[in-house]
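Generate the whole structure from the sequences, applying the supplied hints.
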Amino acid sequence: MQYLLLIYRNEAELGKMGAAERQQMMTDYGAFTQSIVQSGHFKAGDGLQPTTTATTVRVRDGKMLTTDGPFAETREQLGGYYLVEAKDLDTALGIAARIPGARTGSIEVRPVMIYD
Amino acid sequence: MTPVEIEKIFRDEAGRALATLIRLVGDFDLAEDALQDAVAAALQRWPDGCVPSNPRAWLVNVGRNRAIDRVRRQIAFRGKQEALAHELLLNASGQDEVTDVALDDDMLRLIFTCCHPSFSAEVQVALTLRTVCGLTSAQVARAFLVGEEAMAQRLLRAKQKIRLAGIPYEVPERDALEPRLRGVLAVIYLVFTEGYVATSGEDLMRPDLAREAIRLARLIDALMPGRGEVKGLLALMLLHDARRAGRQTAGGDIVLLEEQDRTLWDHVQITEGLKLVEDALRVPGRPQSYAVQAAIAALHAQAPNYRDTDWPQIAGLYEVLLRISPSPVVELNHAAAVSMVDGPARALDLIDALEARGGLGGYELLPAVRADLLRRLGRLDAAREAYRSASAATQLAPLRRFYARRTAELGG
Numbered sequence: 392m393q394y395l396l397l398i399y400r401n402e403a404e405l406g407k408m409g410a411a412e413r414q415q416m417m418t419d420y421g422a423f424t425q426s427i428v429q430s431g432h433f434k435a436g437d438g439l440q441p442t443t444t445a446t447t448v449r450v451r452d453g454k455m456l457t458t459d460g461p462f463a464e465t466r467e468q469l470g471g472y473y474l475v476e477a478k479d480l481d482t483a484l485g486i487a488a489r490i491p492g493a494r495t496g497s498i499e500v501r502p503v504m505i506y507d
Numbered sequence: 002m003t004p005v006e007i008e009k010i011f012r013d014e015a016g017r018a019l020a021t022l023i024r025l026v027g028d029f030d031l032a033e034d035a036l037q038d039a040v041a042a043a044l045q046r047w048p049d050g051c052v053p054s055n056p057r058a059w060l061v062n063v064g065r066n067r068a069i070d071r072v073r074r075q076i077a078f079r080g081k082q083e084a085l086a087h088e089l090l091l092n093a094s095g096q097d098e099v100t101d102v103a104l105d106d107d108m109l110r111l112i113f114t115c116c117h118p119s120f121s122a123e124v125q126v127a128l129t130l131r132t133v134c135g136l137t138s139a140q141v142a143r144a145f146l147v148g149e150e151a152m153a154q155r156l157l158r159a160k161q162k163i164r165l166a167g168i169p170y171e172v173p174e175r176d177a178l179e180p181r182l183r184g185v186l187a188v189i190y191l192v193f194t195e196g197y198v199a200t201s202g203e204d205l206m207r208p209d210l211a212r213e214a215i216r217l218a219r220l221i222d223a224l225m226p227g228r229g230e231v232k233g234l235l236a237l238m239l240l241h242d243a244r245r246a247g248r249q250t251a252g253g254d255i256v257l258l259e260e261q262d263r264t265l266w267d268h269v270q271i272t273e274g275l276k277l278v279e280d281a282l283r284v285p286g287r288p289q290s291y292a293v294q295a296a297i298a299a300l301h302a303q304a305p306n307y308r309d310t311d312w313p314q315i316a317g318l319y320e321v322l323l324r325i326s327p328s329p330v331v332e333l334n335h336a337a338a339v340s341m342v343d344g345p346a347r348a349l350d351l352i353d354a355l356e357a358r359g360g361l362g363g364y365e366l367l368p369a370v371r372a373d374l375l376r377r378l379g380r381l382d383a384a385r386e387a388y389r390s391a392s393a394a395t396q397l398a399p400l401r402r403f404y405a406r407r408t409a410e411l412g413g
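Chains as they are written, first to last, in our numbering: chain W, 392 to 507; chain F, 2 to 413.
No lab work stands behind these hints, which were simulated from the structure alone.
A few chain F positions that, by computed beta-carbon distances, are all more than 12 Å from chain W: (1) Leu156; (2) Ala393; (3) Glu410.
Straight-line C-alpha distance at most 27 Å; calculated BS3-like pairs for lysine-lysine: (4) F:Lys160 / W:Lys478; (5) F:Lys162 / W:Lys478; (6) W:Lys478 / W:Lys434; (7) W:Lys434 / F:Lys162.
Simulated restraints on C-beta separations: (8) W:Asn401 / F:Leu44: 57 to 65 Å; (9) W:Lys407 / F:Gly27: 48 to 56 Å; (10) W:Leu474 / F:Gln396: 44 to 52 Å; (11) W:Glu404 / F:Leu265: 55 to 63 Å; (12) W:Ala403 / F:Ser119: 25 to 33 Å; (13) W:Ala463 / F:Ser390: 37 to 45 Å; (14) F:Arg324 / W:Ala403: 36 to 44 Å; (15) W:Gly409 / F:Pro180: 33 to 41 Å; (16) W:Gly438 / F:Asp209: 52 to 60 Å.
Only a predicted model underlies this, so the values are computations on that prediction, with no experimental measurement involved.
We put the beta carbon where it would ideally sit given N, CA and C, even for glycine.
Shown next as structure tokens:
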């Protein structure tokens, strides 16, 4: 099965991070990504620019409406994702727990829909 | 065979048969339907005297064949490629593998799946009662005091999550086993406590839930033998449940431990519980929380009366609990035991300290314990006030009546 691991964290807290800490986080993410590429679980993954760069689009009555900012204001914001291949939820949860962001933020684990 | 005997077989075997069918057919709903078919077939055939020697294996084999029929009908109606693959899989699993060992393993798989930590505690309890204990959706709904429709929806969503999220049908391995087993035991104890003192409603107890919890713990103890925490939990529940007949009047009013007629207690069950406590405490390793709680229950069960209970040892065991699994509820119970050793004033100090730390925000028994201590200290106005708070905090009718009785006794 494929699972999308959505990484949520508090952007404001992230902004307060020092240079050394930031460097450490990058190193941790690099090592983690490398490990799941090697184990064959990795399908895709990216970090996202902060929600200050987000634009939300809706089409109503055929007209496109855009708003500045994310879809919903929440305490933690989506900051990145991994798409992984895993044999079951327990495996996916185990991978999610190893994402560096799990230590300060939260990882939402969502199975990818299969169309048949 | 009489209908009552057949009913008992279903009750004992349905959970295990379902557990194996789920593994064989790979789908909760299909397995449930197939088991229903098998039970219907058994009801037709068994009363004529042809009861199979191994009814469990019979239910599994008939159920599997009915599942294959159901999948075939689906193919006929919809011509689905996927369903065809499903049938091939079903046929590939041989008849001979329905051994008792396989059935035991399947039962554990089922229990661990229902108690998967990706479900909320409430859903874990509901799924376990429905699937492992074989309660109907309506019975589970009554246990939660929610509508049948709402409960059916909740169970449906949970079973969908098992399938769509890929929750494995497995007993967790190595490192994962201990925390997952703790989760399973917590679910069993939740079922029991709701049966021991209901959260709300007219009745103090729900003996059927207590019975199911004990049945589950016995099952786990048989499937995973030699574990202190399992034996401890089973002992704890047996010893608490043994007091059932003494805990309320014929009219459904609460009888406190100090007023209970101890001859009404179930002494056969107490003997079994005491033996299990010993076994649990003898298992090597750190003392387990359930075993220590059971040891406390054992002291109560052995005491000739309330006054001559070994309170110093009970207070000491609560101190052990405070070390190995501290919680505000343990602190409250510890304070109540201290009141019997050092007097209510000392206990009130402990509770004031606990409250000052804000530990027991919404715990409804806090004002009740406080009220009792104040009553014994002769501080009647404060006691009446505390009983009123206690009454406002509970939704259980017998508790409300008890608090009202106490308030009246205090001249309020």
